[in-house]
Amino acid sequence: MSLEPRPLTLSSSPHAFAGDSTARIMWTVVAALAPATAWGIYAFGPRAAWVTALAVAGCAGFEAVFQRMRGRPVTVSDGSAVLTGLLLALNLPAASPWWLVVLGAAVAMGLGKHVFGGLGQNPFNPALVARVVLLVSFPVQMTTWSAPGSFLADGISGATPLGAAKTAVATAGVLGPAGHVDLWALALGAHGGSIGEVSAIALILGAAVLLWRRIIPWDIPAAFIGATLLVTGAVWELHPDRVLDPLAQILTGGLLLGALFMATDMVTSPLTRKGRWIFGLGCGVITAAIRLWGGYPEGVSFAILLMNACVPLIDRFTRPRKFGWVKEAAP
Amino acid sequence: MSAGRTFKRGGVHPPGEKHRTAAVAVEDAPLPERLVVPVSQHIGAPARPVVKKGDRVLAGQVLAEAVGFVSVPVHAPTSGTVRRVDVAPHPMGTPQPAIEIEADGDDAWAEPLEPIPAPEAADPSVLRRRIQEAGIVGLGGATFPTHVKLSPPPEATIDAVILNGVECEPYLTADHRLMLEAAGEILAGLQIVLHLFGLERGWVGIEENKPDAIAEMGRRAGDGGWAEVVPLEIKYPQGAEKQLIQAVLGREVPSGALPMAVGAVVQNVATAAAIHAAVVRGRPLVERVVTVTGPGVREPKNLRFRVGTPVRHLVDRCGGLTGDVAKVVLGGPMMGLAQHTLDVPAIKGTSGVLCLTRDRVRTAPAGPCLRCGRCVDACPMGLEPTGIAAAIGADLVEEADRYHALDCIECGSCAYVCPAFIPLVQSIRYAKGRVLSWRRKRGR
Amino acid sequence: MIEAVLIVGGLGLVSALGLGLASLKFRVEVDPRVEALEGVLPGANCGACGYAGCSALAKALAEGAAEPTACTPGGAEVAGAIAGILGVEAGTTVRRIAVVHCRGGRGVALDKGVYVGVPDCRAAALVGGGPKLCSAGCLGLGTCERACPFGAIHLDGAGLPRVAPDRCTGCGACVDACPKRIIDLEPDGCRVHVRCRSTDRGKAVKAVCSEGCIGCGRCAKACPVDAIAMDRGLARIDPDACVSCGRCAAVCPTANIDDLVAGRCKALIDEPACIGCGKCARVCPVDAIAGERKAPHRVDADRCVGCGRCAPVCPAGAIRDGDPIPTSVETAA
Amino acid sequence: MAALGLLFISAVLVNNFVLSRFLGICPFLGVSKKTETAVGMGLAVLFVMTVASVATWLIQRLLLTPLHLEYLQTIAFILVIAALVQLVEMVVQVTSPALYQALGIFLPLITTNCAVLGLAVLNVQKGHGFLETVVFSVGAAAGFALALVLFSGIRERIAVADVPRPFQGTAIALVTAGLLSLAFMGFAGMV
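Chains as they are written, first to last, in the working numbering: chain A, 1 to 331; chain B, 1 to 444; chain C, 1 to 333; chain D, 1 to 191.
It is worth saying that the hints were derived from the structure and are not from the lab.
Where a beta carbon is used, it is the ideal one built from N, C-alpha and C, also for glycine.
Check each hint, because a few of them may be wrong.
[As the list claims (entries may be wrong)] Across the chosen pairs, the derived CB separations fall in these ranges: (1) C/K203 - B/A394: 40 to 46 Å; (2) A/G71 - C/E77: 36 to 42 Å; (3) D/T170 - C/V8: 33 to 39 Å; (4) A/L230 - D/G5: 52 to 58 Å; (5) C/G9 - A/K274: 28 to 34 Å; (6) A/H239 - D/T170: 43 to 49 Å; (7) A/R24 - B/R304: 40 to 46 Å; (8) C/S23 - D/K33: 27 to 33 Å; (9) B/W438 - A/L230: 43 to 49 Å.
[Unchecked claim] Taking lysine-lysine and the DSS-like style, the derived pairs with C-alpha atoms no more than 25 Å apart in a straight line are: (10) D/K34 - B/K432; (11) B/K441 - D/K34; (12) B/K53 - C/K203; (13) A/K322 - B/K8; (14) C/K279 - C/K294; (15) C/K221 - C/K206.
Kindly produce the complete structure, drawing on both the sequences and the hints.
Below is the structure:
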């Protein structure tokens, strides 16, 4: 006789699972950011490590606090807060004062995430919400860039190539020396900027893993980068003396970090492939527009937030074609 | 890349897990001492019992008769004495009326239905009646009465008959073995179905993970071209009716419609074999092949059993359970029903007995949806499972309807891929019920 | 100054003319009563009336498609207001409240196994009928609690729903929400309930639940007014006939029957005050009151079940509480 | 032509009436629960804004300024707007009773909508010509509709989210509106 194992598990079908989990996805993305983080710490020194640690710990801490306040299980171990913290840190200048980082973590977790009910329910990318709140509230601290290699990171030197270009055009009307950028230095990460955005190579390396593991879709980065390239390229053709060349546009600022790691955030990007293309294109066009004509030198964060806001509508109008429906009824 | 045809949208690739039993020949399960034969083993009106406690019955004798058109009779699986006509455990979970038979061990058969040795000369209405009399239902697991499927309304034109030998559910090999061991009967069944519609030519869809079955069926079908064996790419749910029709014929069954809307009829291979047995040999449907498998079973096997045999009896025949079984499923892992006890009867629709060990059973609670979109990509019906689940979770029935919850075929692909462990199929099944009652209420 | 007046006046005139013309073209008949009706309805949109929310009911009321008493949660007050607006007579409404017919909470009714899935009774019922071995039992996942628009239902420690009678409006949202159909609306007057819906045999019930109705029939025998009928092994109390005497609860061997009456007393007639009208005798369900017309009546204390129906009908106020009747709980203790 | 284009973009994005000038918050919060309603409201506002600003511009140019009655601006403008809103209300009630129901009190409230009046006043203050008035008005109304529709999409998502109790309802709507406004700050300095 077969002894009955008691009690048996009762659940609806299916009874087999692909094996991926939220925690695994989050931690994989965290791991994929390791090269960019490492480069940031190498380039900007221990100060960058301190900011990173503070942001990560801050987000994890606030996540726990807010979850406990709501009487929900604390899910710091799923890695989502750690990921937000890491992304926030990578978006901050290495010279950020401690209070800026902690405030950013609080804003990311509070206003960005838990006000909306926590993981999966926030319409905007929490790290970007924090970055933009800090940027408009503390523009000086948020744009005090350190030059890589200045291991003291005291905020005396360094402007981002985009910032330099904007200032040059604003003051002299032409790029002048600000137009001479070394593409290789940009790719490697030897220029000013926030901790995680400077090294294109490190970012691409990490994103390659995510693309291969299908954790991020390729459509969003492709559309995002493509659109930026196209718009800035077209304007560069007309005014090469006032606009950085399109390749430099891709390699500078937060574009790669944004396109590969922020715009691809599952929670705040569209569900379907068509939607992801629209989303990516929108991000690219807005980024280019802000960079070319806006008051801010960099537009990636704003662009992604703006497109985040469009996601519900995009989803609504890019429903997948249902099987057996020749023509989709009104959405 | 696979050369096989397949359906266009969605689908997943769960590990096959068929190695345990694919090479194990079908074995007859010995008769149990007691059999519990539910009167409801099909979709439609439950059969009405015509025997009472104490009656002697012979194998093949009618125990309960069909009630109406969408219903089939239930036959005695072996000879013995009726011990009880009462509610008894049922694979669906809630106890249902059943006839309990104490087997006498003789397995004496009643007079068979009159054999029709030359079905190609018989009148289609006679054949359809025979298929109902024999209690034949779809053996793929849906258990829809076969004669109903074979009786389209006069305005429908059927021009394609497809036999479903896909067996896309992981673990299961019952149809695979049947195609290897009874290819002739299956094809004879196909011939009868083709005759019913006055057709010359049919298709047999088989996934490419069964090359031996493809070869065997192809060999038996011969060169006449009347039965085309179609190799299909390995992708779940290839065996779902609408997906199979699209894979084989390239036709898309409209939402809410039956396959006959595109002129197609799909029958499982085991059903075809049962049709052959019922027509040519006059045998009612009282037995089928089941795959008893999973990491929790000592010696996984393909067993031919009599309807009403307790699952416990089948598991015992396979060496019993290993220690840490945590879930018992009737059917396959993607669409099967979890059981709370082994004391349920295996019935006409039981294609598998799957015993999963603790390490394969998920008990972690569901997390919030990450909107990763994997369920949307996986859904073969082009639905947004997460949208339906979220809508019904917030009690927005109308919203769930707008998401076309009713189109869901409950294949399980969405929940299979969900990294947040959300029981999407259960949510959607629930949503379907709510949408239906909401529509009824609105219609009022 | 004059220009100002002219300009503003002229603009007003032009607008008024334009609007006047437009209103001729775009005329819509609105029944002003609809708005008034919406005003008196509770606005909870509970759906108890069978319409999609209060405004839908208001429309139906104005069209005469619904009765003034259609809003059960609103009770007599709202019905009166509606009748006033519509200018009709309001019917009477009997106050009904939700009653849960199961006491198979945790530790009382056995589970089939470990349920993993959507934490909702209706969804859980789709997984093999739900995680309880008793197929008629409460699944305890709180769907009724969430369905109640008035916060009148809460799960207790054993996972069983408890109805707060003062908050329940009898809207029936929980009745529709329960997949096991174990919640009914019953007249508020009936305070004794069979808390089981299983029609299984006694043995089968005992195997899965220690407090289910096993169909022994003792309650039916004990009932002085024949309000209990045995239906396929399940006792059912007819709430209209029940006098809430609690005798059934006292004899139930599985303590399944709930007796919500706090304390009962035998009726006692103050003989000098009795005017001998006989009203009390007519309402007594157990014929415990007798007496000659115009002469003082007496209560047969052995027969009296303490239902309390006589006291309110006495025009002389001559009936008061006599000896207390021990409740079933005290009997059990 | 280019100037008009810039004026339009400025009105839609850079100086969005709702998200940058914080005008018309009442309907923005009131009728943004469903996208369908938001679209209806957006169209109604588009109509009222365009016609009202044209009408008020004409009144200002042809009556008030020549007669030196500028002090009557507010009352005259409100009169015109109110009449227009009445007209829209009648049309909507006939053509789409469902939308009329959904818009509820917010439809007549367009009358006192500061966005409409603000637009009319802005047109005068900025000394816009007729064509500029039309373009600016359509742009402003389009910006209002855009913000409203975007916001409604997000709110539909929030409706099924597990928002903490103290934030449910208007609170979370205001938080979201704030974040949306923050995102629109990216356009600052563009024109």
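Results for each hint:
no., hint, verdict
1, C/K203 - B/A394: 40 to 46 Å, "holds, 43 Å"
2, A/G71 - C/E77: 36 to 42 Å, "holds, 38 Å"
3, D/T170 - C/V8: 33 to 39 Å, "holds, 37 Å"
4, A/L230 - D/G5: 52 to 58 Å, "violated, 20 Å"
5, C/G9 - A/K274: 28 to 34 Å, "violated, 58 Å"
6, A/H239 - D/T170: 43 to 49 Å, "holds, 47 Å"
7, A/R24 - B/R304: 40 to 46 Å, "holds, 42 Å"
8, C/S23 - D/K33: 27 to 33 Å, "holds, 30 Å"
9, B/W438 - A/L230: 43 to 49 Å, "holds, 48 Å"
10, D/K34 - B/K432, "holds, 23 Å"
11, B/K441 - D/K34, "holds, 24 Å"
12, B/K53 - C/K203, "holds, 20 Å"
13, A/K322 - B/K8, "holds, 12 Å"
14, C/K279 - C/K294, "holds, 11 Å"
15, C/K221 - C/K206, "holds, 21 Å"
Taken one by one, the earlier hints fail for this structure at numbers 4 and 5, listed in ascending order.
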